[in-house]
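Asker: This is what each chain is made of:
There are 2 protein chains.
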Amino acid sequence: MKRINIGLIGLGTVGTGVVRLLRENDDIIRDRLGAEIVLKRVAVSDLSKGRGVDLEHEIMTADARDVITDPEIAIVVELVGGIEPARSFILEAVGEGKSVVTANKALLSTHGMEIFDKVDGAGVDIGFEASVAGGVPVIKAIKEGLPANRITSIYGIINGTANYILSKMTHDGGSFDEILRDAQEKGYAEADPTYDVDGIDAAHKLAILVNLAFGTPVGLDRIYTEGITNITPMDINFATEFGYRIKLLAIAKDRGGRIEARVHPTMIRKDDMLATVEGVYNAIHIYGNGVGPVLFYGKGAGMMPTASAVVADIIDICRNINKGISGRVPPLSCLEGKVRSVDVWDINELEIPYYIRFSAIDRPGVLSKISGVLGDHNISILSVIQKDRKVGDAVPLVIVTHHARERELVAALTEIDEMDVIKDKTVYLRIEEQIGGDS
Amino acid sequence: MKRINIGLIGLGTVGTGVVRLLRENDDIIRDRLGAEIVLKRVAVSDLSKGRGVDLEHEIMTADARDVITDPEIAIVVELVGGIEPARSFILEAVGEGKSVVTANKALLSTHGMEIFDKVDGAGVDIGFEASVAGGVPVIKAIKEGLPANRITSIYGIINGTANYILSKMTHDGGSFDEILRDAQEKGYAEADPTYDVDGIDAAHKLAILVNLAFGTPVGLDRIYTEGITNITPMDINFATEFGYRIKLLAIAKDRGGRIEARVHPTMIRKDDMLATVEGVYNAIHIYGNGVGPVLFYGKGAGMMPTASAVVADIIDICRNINKGISGRVPPLSCLEGKVRSVDVWDINELEIPYYIRFSAIDRPGVLSKISGVLGDHNISILSVIQKDRKVGDAVPLVIVTHHARERELVAALTEIDEMDVIKDKTVYLRIEEQIGGDS
Numbered sequence: 001m002k003r004i005n006i007g008l009i010g011l012g013t014v015g016t017g018v019v020r021l022l023r024e025n026d027d028i029i030r031d032r033l034g035a036e037i038v039l040k041r042v043a044v045s046d047l048s049k050g051r052g053v054d055l056e057h058e059i060m061t062a063d064a065r066d067v068i069t070d071p072e073i074a075i076v077v078e079l080v081g082g083i084e085p086a087r088s089f090i091l092e093a094v095g096e097g098k099s100v101v102t103a104n105k106a107l108l109s110t111h112g113m114e115i116f117d118k119v120d121g122a123g124v125d126i127g128f129e130a131s132v133a134g135g136v137p138v139i140k141a142i143k144e145g146l147p148a149n150r151i152t153s154i155y156g157i158i159n160g161t162a163n164y165i166l167s168k169m170t171h172d173g174g175s176f177d178e179i180l181r182d183a184q185e186k187g188y189a190e191a192d193p194t195y196d197v198d199g200i201d202a203a204h205k206l207a208i209l210v211n212l213a214f215g216t217p218v219g220l221d222r223i224y225t226e227g228i229t230n231i232t233p234m235d236i237n238f239a240t241e242f243g244y245r246i247k248l249l250a251i252a253k254d255r256g257g258r259i260e261a262r263v264h265p266t267m268i269r270k271d272d273m274l275a276t277v278e279g280v281y282n283a284i285h286i287y288g289n290g291v292g293p294v295l296f297y298g299k300g301a302g303m304m305p306t307a308s309a310v311v312a313d314i315i316d317i318c319r320n321i322n323k324g325i326s327g328r329v330p331p332l333s334c335l336e337g338k339v340r341s342v343d344v345w346d347i348n349e350l351e352i353p354y355y356i357r358f359s360a361i362d363r364p365g366v367l368s369k370i371s372g373v374l375g376d377h378n379i380s381i382l383s384v385i386q387k388d389r390k391v392g393d394a395v396p397l398v399i400v401t402h403h404a405r406e407r408e409l410v411a412a413l414t415e416i417d418e419m420d421v422i423k424d425k426t427v428y429l430r431i432e433e434q435i436g437g438d439s
Numbered sequence: 001m002k003r004i005n006i007g008l009i010g011l012g013t014v015g016t017g018v019v020r021l022l023r024e025n026d027d028i029i030r031d032r033l034g035a036e037i038v039l040k041r042v043a044v045s046d047l048s049k050g051r052g053v054d055l056e057h058e059i060m061t062a063d064a065r066d067v068i069t070d071p072e073i074a075i076v077v078e079l080v081g082g083i084e085p086a087r088s089f090i091l092e093a094v095g096e097g098k099s100v101v102t103a104n105k106a107l108l109s110t111h112g113m114e115i116f117d118k119v120d121g122a123g124v125d126i127g128f129e130a131s132v133a134g135g136v137p138v139i140k141a142i143k144e145g146l147p148a149n150r151i152t153s154i155y156g157i158i159n160g161t162a163n164y165i166l167s168k169m170t171h172d173g174g175s176f177d178e179i180l181r182d183a184q185e186k187g188y189a190e191a192d193p194t195y196d197v198d199g200i201d202a203a204h205k206l207a208i209l210v211n212l213a214f215g216t217p218v219g220l221d222r223i224y225t226e227g228i229t230n231i232t233p234m235d236i237n238f239a240t241e242f243g244y245r246i247k248l249l250a251i252a253k254d255r256g257g258r259i260e261a262r263v264h265p266t267m268i269r270k271d272d273m274l275a276t277v278e279g280v281y282n283a284i285h286i287y288g289n290g291v292g293p294v295l296f297y298g299k300g301a302g303m304m305p306t307a308s309a310v311v312a313d314i315i316d317i318c319r320n321i322n323k324g325i326s327g328r329v330p331p332l333s334c335l336e337g338k339v340r341s342v343d344v345w346d347i348n349e350l351e352i353p354y355y356i357r358f359s360a361i362d363r364p365g366v367l368s369k370i371s372g373v374l375g376d377h378n379i380s381i382l383s384v385i386q387k388d389r390k391v392g393d394a395v396p397l398v399i400v401t402h403h404a405r406e407r408e409l410v411a412a413l414t415e416i417d418e419m420d421v422i423k424d425k426t427v428y429l430r431i432e433e434q435i436g437g438d439s
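Those sequence lines, one after another, are chains Z and C.
Here the first sequence stands for residues 1 to 439, where the numbers follow the working numbering.
Here the second sequence stands for residues 1 to 439, where the numbers follow the working numbering.
Chain Z on its own, in the form it takes in the complex (with noise of 0.2 Å):
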């Protein structure tokens, strides 16, 4: 049988699992490829260092160029992550006439253009599934799935600590911090986790989905990212009391033959699919004008699921080295000379219903006040709830409205929050009323 070599740089989590994955499914993968895949060499960072994997000391190195380098190997998988030196490690295995296999979307989202340029050029292929939701195949399924479709829309919940955190405020209760404290005890956040609740993380892979899905490069300072550090427990309830639950939401949109892109907290109907994704779930929602709405669901992050991806790319490669090709899918799914440059629209020129929560003095004629100033600003109210009655004090008082456009809400609060009946900044939150859809 056919052997086919590759080599891994970096053994950290899901390096680990890749390994380990390769040995546990040794049997079937040989069955379904046809040929066996080889763990020629692995480079880490620190030799001393203890691993989850027993692996033959002669295989490790500390130098990454020992794996780039080798003849014998034909698939570089890194794994290190971050910008540099895993470009360089890329692109110096994609000169050296292998392939790659990454699932590093931070690098992809930034220098992906770089990066597939290089590969369309030396007949090699790459291969990203990991880069987005984990073990969920949604790479494969825009690109190979769904090819025959013209994408509209695509609404993801693709970072599992932001979820695991909301999930947790909606059905238990408590903080964001209490939460985010137990979820980094249990290992659900980083210990810097600004990535992940500060939408970043969210952002570099609805970058990746977009070039996917529209066939247009979009760079990351177009997208609109907004975390979920501010979401408070009050919010939450509203949004339940109103049949809404609050989901950290990657969402792009063709409107008009241009791009809508953007990652914030959004209220969604508590009985849309994507609301009851729950914990470290992930879960991408897309529409195409063929198929209709589909929806890919599973775990988004973890050693087996991540693993999953990779081992299915390093497949995926095997099977064209197989048939001696390369190059047989695009990597962005559109051909290089066809990827198009499309237009962002900016959030202000947003036009989506909206959740207000205002923190006003309870004194007859506030309402009437500030529903003034909104209907100057051409927003019309579907619904008002005040919750609390002290006359005299500061009670939260909530409307949702119609569709409105974002910059004129955006001078409607400004003008409110100088009045002197409100007494804290105001909040407000993007709703999506039907997710996909035919509209």
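Be aware that a few hints might be false.
Copies of the same chain look alike in the list, so a pair counts if it works inside one copy or between any two.
Taking lysine to aspartate or glutamate and the EDC-like style, the derived pairs with C-alpha atoms no more than 20 Å apart in a straight line are [what the hints assert, rightly or not]:
1. Lys-168 <-> Asp-46
2. Lys-2 <-> Asp-221
3. Lys-49 <-> Asp-66
4. Lys-143 <-> Asp-26
5. Lys-118 <-> Glu-190
6. Lys-168 <-> Asp-271
7. Lys-168 <-> Asp-272
8. Lys-323 <-> Glu-72
9. Lys-387 <-> Glu-24
The set of hints was computed from the structure by calculation and includes no laboratory data.
Treat the numbers as computed from the prediction; the structure is a model and nothing was measured.
Based on the hints, put chain C in the right spot on chain Z.
Answerer: Then chain C, alone, in the frame of chain Z:
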């Protein structure tokens, strides 16, 4: 730009959708594929019939052989359905060196091995994504998204008609017959609904999924198949009361190296994701030993969703033609010669919890008698509900059991149904407590 000729046999709903989708998304398909797909010939049984699409007169023919034998056609799309002449058309097309795309689950679940063997030998490809779950790319996912996994279970809602009827019965009330008539009027059910409501269509699809996931063929005669025609509003209501929903599930599990393969109405927890799949939608839950649980959701039927899958297969094969290859991924996900022969569990060997509804005379001592017989057969009771009290009359007595063996259950019920306090044949339904999971 390279042109790849295809031919269509059959221009019903799906065929019309394929033509429409190829036209509507012509530009993006070309950008993604790097070739132009040309519809060179279309065979229909009745040339005089009106169509939903305009086609040039010259490409139409009443003779399928005009498509099959056209030397310029590379891919034959069979959308005739049924066993013959579809089987002959496909075998002949493959014999002519053409690749084939089909949505024909009835054919593949009965003559799959014959067809796949011929495809393997002929150096061509076959695509059948549309045969299971319409537009949802679940076949692609199993073969290429999850090939690193040992799949241990599949739970599918893969018949939209049955799911529509059960959803309606649950949420709007009504008898099976009433709702079936309503579904027929709306076009959600065929004039002859047997295949859908008796579970046969779901069994066809399950046979294909088992083949792909477990690498083993399973005859339709080994798939226990039970439809939804006997589901009553009373059982729907009791299910709700116990916190369950009734769904027609197609279930396959690897249990101790033997396969469970069965289609039947099943009670599942109402907060399970599959329980939230309503109407004509399909969903497939797969558990892999690396990825854990994954779920794929979307429209399982209809013109454009099914066309999305057919055209995805056409593009897939065109990508192989672009590179001058075939057989990159084996039709059944594992290589010929590696296909295992695996035992299938008899339904009598099932060990799960059961819902049992007795029609028992309301009289002291009846429950004791019934539970005595159940106990004699090693069946222990989890909970009991007796709703109405009409002393001396027959009332529903509902029992949910702990795990029990089906063989014992059937024996116990046979015994109990002979008691004079039992007025009607006892009804039982299988319960799946946890979909997938690490168990």
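Asker: None of the hints should be skipped; say for each whether it holds.
Answerer: Each hint tested on the structure:
{"no.": "1", "hint": "Lys-168 <-> Asp-46", "in the structure": "neither (37 Å within a copy, 61 Å between copies)"}
{"no.": "2", "hint": "Lys-2 <-> Asp-221", "in the structure": "neither (46 Å within a copy, 38 Å between copies)"}
{"no.": "3", "hint": "Lys-49 <-> Asp-66", "in the structure": "within (19 Å within a copy, 68 Å between copies)"}
{"no.": "4", "hint": "Lys-143 <-> Asp-26", "in the structure": "between (27 Å within a copy, 16 Å between copies)"}
{"no.": "5", "hint": "Lys-118 <-> Glu-190", "in the structure": "neither (33 Å within a copy, 53 Å between copies)"}
{"no.": "6", "hint": "Lys-168 <-> Asp-271", "in the structure": "both (18 Å within a copy, 17 Å between copies)"}
{"no.": "7", "hint": "Lys-168 <-> Asp-272", "in the structure": "both (18 Å within a copy, 18 Å between copies)"}
{"no.": "8", "hint": "Lys-323 <-> Glu-72", "in the structure": "within (18 Å within a copy, 24 Å between copies)"}
{"no.": "9", "hint": "Lys-387 <-> Glu-24", "in the structure": "neither (57 Å within a copy, 51 Å between copies)"}
Hint check: violations occur at hints 1, 2, 5 and 9; the rest are consistent with the structure.
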